[in-house]
Amino acid sequence: DSGVTQTPKHLITATGQRVTLRCSPRSGDLSVYWYQQSLDQGLQFLIQYYNGEERAKGNILERFSAQQFPDLHSELNLSSLELGDSALYFCASSVGLAGGREQFFGPGTRLTVL
Amino acid sequence: TQLLEQSPQFLSIQEGENLTVYCNSSSVFSSLQWYRQEPGEGPVLLVTVVTGGEVKKLKRLTFQFGDARKDSSLHITAAQPGDTGLYLCAGDPGAGSYQLTFGKGTKLSVIP
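Respectively, the protein sequence lines represent chains A and B.
The opening residue of the first sequence carries number 1 in my numbering; numbering runs sequentially from there.
The opening residue of the second sequence carries number 1 in my numbering; numbering runs sequentially from there.
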């Protein structure tokens, strides 16, 4: 158990819909990262927040957004969903700001868009 | 964009055999991490290598960072079914970068 929690575990929805994925980092960790993992693209970095502020953006679509709240939990919002958005979405956390520090991953949310 | 190429992509071996998987890049990384991911779960950090030429051992797993800090290898001795999983390498570009670059992984199956 990494100490990072993610909900829900599974999510099935239809194209065009909007969903919210939730992540709680390990106690004491200030950085939260979101990743998308698909069979053909591997693990792709989406976005990082540190202590409530956006710090780095990766391959995140404009239809996706995220935020980190004062209690440090984070939410990833995916809208106008397409079939190709079906993937595993992972949240990771680390103590500090630098992404190179050891990251601890949650169990992931499996999103299926029908 | 810095890329990490992992090889082989798939590996199926018998219990007790030895194996090596590779992680290569044309870019220099300040450190490199190896993760193992089991189906339905998130990646779990195995080791971080920082110094060029560094070798770290974790029981039957030996990790090496290339002298030029562009590549790394993972060697498993006497593989066991419990070693089955997806092995991912991830590079930290350093220089203030906030994100890791992940390879696509090597999917290892150890057959009893």
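These are calculated hints, taken from the structure and not from any lab test.
All values derive from a computational prediction rather than experimental measurement.
The reader is advised that the hints may include incorrect statements.
With a straight-line Cα cutoff of 25 Å, these simulated BS3-like cross-link-like pairs (lysine-lysine) come out [unchecked claim]:
1) B:104 with B:57
2) B:104 with B:70
3) B:107 with B:57
4) B:70 with B:107
5) B:59 with A:9
6) B:56 with B:107
7) B:107 with A:9
8) B:56 with B:70
9) B:104 with B:56
10) B:59 with A:57
11) B:59 with B:107
12) B:56 with A:57
Hint check results:
1. B:104 with B:57: holds, 23 Å
2. B:104 with B:70: holds, 16 Å
3. B:107 with B:57: holds, 21 Å
4. B:70 with B:107: Cα-Cα ~22 Å, so holds.
5. B:59 with A:9: violated, 32 Å
6. B:56 with B:107: holds, 21 Å
7. B:107 with A:9: holds, 23 Å
8. B:56 with B:70: holds, 17 Å
9. B:104 with B:56: holds, 22 Å
10. B:59 with A:57: Since the Cα atoms of residue 59 of chain B and residue 57 of chain A sit roughly 37 Å apart, the hinted pair is violated (cutoff 25 Å).
11. B:59 with B:107: holds, 20 Å
12. B:56 with A:57: Cα-Cα ~32 Å, so violated.
Of the numbered hints listed earlier, those contradicted by the structure are 5, 10 and 12.
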